[in-house]
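Peer 1: Protein chains in written order, with my numbering: chain C, 1 to 314; chain P, 1 to 276; chain G, 1 to 373.
Hints in this document: simulated from the structure, not taken from any laboratory.
A few of these clues could be false.
[Said to hold, decoys possible] Beyond 12 Å from chain G on every Cβ pair, some chain C residues (computed):
id, residue
1, A22
2, E58
3, F74
4, K75
5, V96
6, M103
7, L146
8, R149
9, G170
10, F181
11, F217
12, V303
[What the hints assert, rightly or not] Here are the computed lysine to aspartate or glutamate pairs in the EDC-like style, where the Cα-Cα straight-line distance is at most 20 Å:
id, chain 1, residue 1, chain 2, residue 2
13, C, K21, G, D66
14, G, K252, G, D285
15, G, K342, G, D357
16, C, K21, G, D285
17, G, K297, G, E220
18, C, K21, G, E291
19, P, K9, C, E208
20, G, K130, P, E169
21, P, K240, C, E220
22, G, K327, G, E291
23, G, K371, G, D181
24, P, K102, G, E53
25, G, K61, C, E20
26, P, K9, C, E200
27, P, K264, C, E200
28, G, K309, G, E238
29, G, K342, G, E305
30, P, K9, C, E220
31, G, K171, G, D181
32, G, K119, G, E178
33, G, K226, G, D23
34, G, K61, G, D106
35, P, K102, G, D202
36, G, K277, G, D263
37, G, K226, G, D357
A virtual CB, placed ideally from N, CA and C, is assigned to each residue, including glycine.
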Amino acid sequence: MSNSIGMKSGNSQSGKRNTEKANRQWLWISIAPAVIFLAALTIFPIFNLIGLSVHAVEWEGGKAVYDYVGMRNFKDLFAQDPVFWVGVKNTIVFAVCAVTFQMLLGFSMALAVSRAGQVGRGILTTIFLLPIVLPPIVIGAMWRLLMGRDFGALNGIVTSLGFAPVDWLGNPSLALASVIFVDVWHWTPFVFLLILAGLESLDQEVFEAAKLDVKGFWQELKFITLPLMMPTIIITMVLRIILSFKVFDEIYLLTSGGPGTATEVVNFTIYRVFFGQDRVGAGSAMSIVTLVGLVLLITFSQVIMRRFRKGASV
Amino acid sequence: MNIQKHGGKIAANSLVWGYALIILVPIIWVVSNSFKRQIDILTGKTFAPFTWSNYESLLFSRQSDFLGNLLNSVIISSIATTAVIMIATMAAYTLVRLNPPKWVKWMLLGWALFFHMLPTLTFVGSWFIMFSSVGLHGTYFAMISTLIVMNLPVALFLMVTFTEAVPVEIIQAARMDGCNSRQTFFQVVFPLVRGGMIAAAALVFIFAWSDFSVAVVLTSKDTMTVPVAIATFAQEFEIKYGEMAAGSVLSMIPAITLILFGQKFVVRGLLAGAVK
Amino acid sequence: MAQVNLNSISKAYGAAVIIPGLDLEIHDGEFIALVGPSGSGKSTLLRLIAGLEDVTSGAIKVDGDDITNSDPSDRDMAMVFQSYALYPHMTVADNMGFALKMRKMDAGEIAERVASAVKMLDLTGMEDRKPSQLSGGQRQRVAMGRAIVRNPSLFLFDEPLSNLDAKLRTKTRLEIRELHDRLGATSVFVTHDQVEAMTMADRIVLLDHGVIKQVGPPQELYYHPKNKFVASFIGSPEMNFLSGKIAFSGDKVALVSGEATWDLPCSAAYCKQVQSKVSEGDLVDIGVRPEHFEFTKDNAKGSFEIVVKATEFTGQDLFIAADFSGKVVAMNVDSLKLGENKVPKNGSTLYVSPVADQWHLFDSETGSNLKLA
Numbered sequence: 001m002s003n004s005i006g007m008k009s010g011n012s013q014s015g016k017r018n019t020e021k022a023n024r025q026w027l028w029i030s031i032a033p034a035v036i037f038l039a040a041l042t043i044f045p046i047f048n049l050i051g052l053s054v055h056a057v058e059w060e061g062g063k064a065v066y067d068y069v070g071m072r073n074f075k076d077l078f079a080q081d082p083v084f085w086v087g088v089k090n091t092i093v094f095a096v097c098a099v100t101f102q103m104l105l106g107f108s109m110a111l112a113v114s115r116a117g118q119v120g121r122g123i124l125t126t127i128f129l130l131p132i133v134l135p136p137i138v139i140g141a142m143w144r145l146l147m148g149r150d151f152g153a154l155n156g157i158v159t160s161l162g163f164a165p166v167d168w169l170g171n172p173s174l175a176l177a178s179v180i181f182v183d184v185w186h187w188t189p190f191v192f193l194l195i196l197a198g199l200e201s202l203d204q205e206v207f208e209a210a211k212l213d214v215k216g217f218w219q220e221l222k223f224i225t226l227p228l229m230m231p232t233i234i235i236t237m238v239l240r241i242i243l244s245f246k247v248f249d250e251i252y253l254l255t256s257g258g259p260g261t262a263t264e265v266v267n268f269t270i271y272r273v274f275f276g277q278d279r280v281g282a283g284s285a286m287s288i289v290t291l292v293g294l295v296l297l298i299t300f301s302q303v304i305m306r307r308f309r310k311g312a313s314v
Numbered sequence: 001m002n003i004q005k006h007g008g009k010i011a012a013n014s015l016v017w018g019y020a021l022i023i024l025v026p027i028i029w030v031v032s033n034s035f036k037r038q039i040d041i042l043t044g045k046t047f048a049p050f051t052w053s054n055y056e057s058l059l060f061s062r063q064s065d066f067l068g069n070l071l072n073s074v075i076i077s078s079i080a081t082t083a084v085i086m087i088a089t090m091a092a093y094t095l096v097r098l099n100p101p102k103w104v105k106w107m108l109l110g111w112a113l114f115f116h117m118l119p120t121l122t123f124v125g126s127w128f129i130m131f132s133s134v135g136l137h138g139t140y141f142a143m144i145s146t147l148i149v150m151n152l153p154v155a156l157f158l159m160v161t162f163t164e165a166v167p168v169e170i171i172q173a174a175r176m177d178g179c180n181s182r183q184t185f186f187q188v189v190f191p192l193v194r195g196g197m198i199a200a201a202a203l204v205f206i207f208a209w210s211d212f213s214v215a216v217v218l219t220s221k222d223t224m225t226v227p228v229a230i231a232t233f234a235q236e237f238e239i240k241y242g243e244m245a246a247g248s249v250l251s252m253i254p255a256i257t258l259i260l261f262g263q264k265f266v267v268r269g270l271l272a273g274a275v276k
Numbered sequence: 001m002a003q004v005n006l007n008s009i010s011k012a013y014g015a016a017v018i019i020p021g022l023d024l025e026i027h028d029g030e031f032i033a034l035v036g037p038s039g040s041g042k043s044t045l046l047r048l049i050a051g052l053e054d055v056t057s058g059a060i061k062v063d064g065d066d067i068t069n070s071d072p073s074d075r076d077m078a079m080v081f082q083s084y085a086l087y088p089h090m091t092v093a094d095n096m097g098f099a100l101k102m103r104k105m106d107a108g109e110i111a112e113r114v115a116s117a118v119k120m121l122d123l124t125g126m127e128d129r130k131p132s133q134l135s136g137g138q139r140q141r142v143a144m145g146r147a148i149v150r151n152p153s154l155f156l157f158d159e160p161l162s163n164l165d166a167k168l169r170t171k172t173r174l175e176i177r178e179l180h181d182r183l184g185a186t187s188v189f190v191t192h193d194q195v196e197a198m199t200m201a202d203r204i205v206l207l208d209h210g211v212i213k214q215v216g217p218p219q220e221l222y223y224h225p226k227n228k229f230v231a232s233f234i235g236s237p238e239m240n241f242l243s244g245k246i247a248f249s250g251d252k253v254a255l256v257s258g259e260a261t262w263d264l265p266c267s268a269a270y271c272k273q274v275q276s277k278v279s280e281g282d283l284v285d286i287g288v289r290p291e292h293f294e295f296t297k298d299n300a301k302g303s304f305e306i307v308v309k310a311t312e313f314t315g316q317d318l319f320i321a322a323d324f325s326g327k328v329v330a331m332n333v334d335s336l337k338l339g340e341n342k343v344p345k346n347g348s349t350l351y352v353s354p355v356a357d358q359w360h361l362f363d364s365e366t367g368s369n370l371k372l373a
């Protein structure tokens, strides 16, 4: 019996099989591009790096010549290379300091805005978004101009106050601090947005109930706000630390890793070794070591995040 | 008590608006510099005669390739963004609604997240070797492919969120109405996540446009993008401050446009991407 | 139009078994309701029929064809969802014509069918509106229209009235049944509301935790419930249950609990039937519906002495909640019969007795109706 649509009621066996086949085809076709790109450009390169790291690579006439050297690159790295480990130290110092300031500043501002209300909130958000979406290279260029010893606006202000011009970027003891400052400028708005979203999702009734027991701003902060916000805070902090290991663009523009090795971060070392010094094998070894370190860090952080994600309000 | 409250409110607002100023002033300073002559910048004059000369020499002079760089950036970013969004949307629908084998979902999303957290620089070296060895160094293809991979995690997570917002029952209704998976995607899911795709595309375009660490390695003189061009200004012996400022301003345009028109999208995108 | 056979259907999600195993036959042209409390598996069963979920074991046949493994898009069934699931980006006309477009039907014929459905459902003038511009009731009708234009073998309804307000619900109930009759369709209707099932269905399937407790026409479930579950689910307010031991005196039947003895009035035939099914002293549960009590001559021996706790006057009915032997008993009195001024006061004592033959005997342990055993 067929109905007026012209289809046999129930179904034809072949129709059924076609749909199943079509569905299965779609399943794989729709995922294939993503998988291919990830496999070819993220998984394969890791193997590539491993392979390269056990060679010394020379360039002759535009082609690469591979010379197997076993673990020599790694041994050199761990035993002799001073620059890399300074870089690691710098990177860690950078990450910890920058994130700490971002968190403190971002949290304070979010707290301020959430309590004080909505004066020009729309405009505020617009302005706060700017550092996040500007190309990092532009941020680097911008602060390079501002912090320039001779012509920068910062020193313009400093000298007009009667002080000697400060070499923000050229003075080894100041350089890292300057770079950290720029990173804080760059990412505090991001922290601000996340924390604010978290604060606003808290149940206001809890605060009202607490007003009966808790005296004043600091007590409320210590006993109510911070404990409730802890998951969001931890997650934001961990995320920012991991992402701050990616810093490169601003350093390239601001100091190129200098002066000396004051602002040398691991990413920059790898870049220099790979492309400045053409030591592909050594660069690959550094990349591997960095990747392993970060994998451990990320895994560790995921464990922490998972524990806190359950309680997060964002 | 009221004074306290007001005092607190003033302090709070000062803090926040103070920071807003700290954000704006440098940017405005750079913009103003882009309209000053080199001499005026060097002598640190705050108010100086307005001039287009920086932009002119940047864009139109024979020595500057900046116009070409702009074109490169536009082409590369646009193609990469379009591709990434399409790939991510298709994959997101399948992952979210079509019940693929569990390991597929975990691997795709899990690995994407993981990769997103690793420093790009550690991959750039390998990419350079890979593309050079097949003679693709300096091509659009190389840049576009790497940009696609780099932005895939963000795009995936965003599109997964947007796809999950389409009610399951609508998908089921489409199945009952005779759609197989592919038809359901194009006829029902795609039109409904179009808004999300635009939001994600805006964000991804910004990231693609801003990329420096990959472009500095993978582009050649012909395919150089704007961020690399700006960096080269700073390397020169005599830094052309005016032109550097002008270049910076030009490369801020996509970001500023986006914020002015799509602020909500950006916030949503950032929050979603971060929380995942 | 279709004859549907469900053979040994079972459904489990990992270790959680929703439907242990059931058999059901749905007759061509009938309106069958799947009813049950939440978690009874009724929606799951509907989705198994639709193909939106896979069976764990068993077979589904439509007109003899085994469709157990068919994709939903190949099953020639139409479904009306609880949330209507209209396509937000399409107009009313496109929503209704979508399935036909997918099956590559000729555009002219699509327009024709959509037009006739629009007229049938009183949606004229709305064809170019999007779902967000419609009221809840209108959206519900578009959802129905989407199913109607396909003229499928089977109509599936998943609690389509739940999101409507009470008045609209009663009206739409009638309309759905009318539509079913007019189209000569076969319909499976899922609801948790027993009134909907009773008023709309030719047969009712009552489910509890994936097990069919009874299948039959509404009258059968009301007058001859197979077990306590069915007896208490059907009818509102719920049936009253009292435990005790059966006692016979002559050809009369009574319930004994502790010190008290209560008469259970029955006609000669009924009493004989009861006596053949149970023995003196058996522990049983007696079930009496609230509407099956009548007042006895004051304090007649063996009558139920109840103390009024609260009364609810609805106009037509008077519901009385009363204390009886430590339990609360519900009684439904036709207020017209009672008279305007005769509403019992709280705290007053009434004497009632079940209407003859209108009480049920249930096994204390299994809950099954002993009279039907």
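Peer 1: So which of the earlier hints does this model not fit?
Peer 2: Checked against the structure, the hints that fail are numbers 1, 15, 16, 17, 18, 21, 23, 34 and 35, while the rest are satisfied.
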